[in-house]
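There are 2 protein chains.
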Amino acid sequence: MRKVILGVAVSLDGFIEGPHGEYDWCAPDPDYNFNEFFDRFDTIFVGRKTYEMSSEMEGGPAGFPKFKEYIFSTKLDKVKDGATLIKGDTKTEVEKIKKEKGKDIWLFGGAGLTTSLMNLGLIDELSLAVYPVLLGRGKPLFNNIKDRINLTLLETKTYSTGLVSLTYSLAKKENERTT
Amino acid sequence: MRKVILGVAVSLDGFIEGPHGEYDWCAPDPDYNFNEFFDRFDTIFVGRKTYEMSSEMEGGPAGFPKFKEYIFSTKLDKVKDGATLIKGDTKTEVEKIKKEKGKDIWLFGGAGLTTSLMNLGLIDELSLAVYPVLLGRGKPLFNNIKDRINLTLLETKTYSTGLVSLTYSLAKKENERTT
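Protein sequences appear in the order of chains B and Y. Residue numbers for the first sequence follow the working numbering, beginning at 259 and rising by one. Residue numbers for the second sequence follow the working numbering, beginning at 259 and rising by one.
Everything labelled a hint here was simulated from the structure, so no lab data went into it. No false leads were slipped in.
Repeated chains share a single entry, so a pair holds when one copy, or any two copies, can fit it.
Capping the alpha-carbon separation at 30 angstroms, the derived lysine-lysine pairs in DSBU-like fashion look like this:
{"#": "1", "residue 1": "K324", "residue 2": "K338"}
{"#": "2", "residue 1": "K361", "residue 2": "K338"}
{"#": "3", "residue 1": "K397", "residue 2": "K415"}
{"#": "4", "residue 1": "K261", "residue 2": "K338"}
{"#": "5", "residue 1": "K324", "residue 2": "K349"}
{"#": "6", "residue 1": "K397", "residue 2": "K307"}
The task is simple: from the sequences and hints, build the whole structure.
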């Protein structure tokens, strides 16, 4: 089954945006192999806010390959041509997409969609690019996660800029354990 | 000059305690070299809450070597024999202690003291033991940090349990830069 992988840049104190929406702290690392990262995916999950922000950029975020896009929103009634709107029953829809043939699915954000999918147990892997900065304030990546989630470390990579890439798979939630 | 090093266990989502004060998620890693860690220090900085909690344990936290202890509190009037109470002017007192001869100083916590010393620019290194768990809620390590702080990655270590140790030195705050 295809995996849903949360892949984001985060400050050491867990923010994905600075207090005024800044992204200047997470410039792409010259040594980071984006092609290898991108090559794993053919599909992207995007929340409404991220969609609205990135659709202001012509052709989506710069440098991204062409992914099949799913936009998650209860507010929107239509999305751009070629993209698919997921309006309700996230669990059923995501499980259906995961069962389709294809490469893995990149959960690109934002924080709201991440929380929803995390609490529904629909995320299979976390791939965090931890930047060497404390932002102090901003938008936290993890927010309102209901239950403790145990992780299994899959990989760490360290870059000369001080970026550390941490990849984890998600174990079952504590309260779903049978032991 | 002696360094002040914040050395703590933290969940991947940045908590130092679970929502009900739990520490069960950060059991000491059998492969972690505590002796090497402890050997770097002869002095420990402790906040009031951590002091009150740890002084309930006989002889302080189990397995700790004998450190010179400084307790930071505006509320307490006295502390146990052998420990020193720092009641006011944290900046002056800490700068004085840092200039004394000795090994480095372990900032053991808690969150309040960490924030104070961070905002006063008195912490030289962060040594985070990142446990492979999302707690969802609890007491955050970093809270009310006023300004963005750039970090320099010094070392990463990965353990078979999934623990990742990340060590950073603290650069000057953004607003203290002269460029």
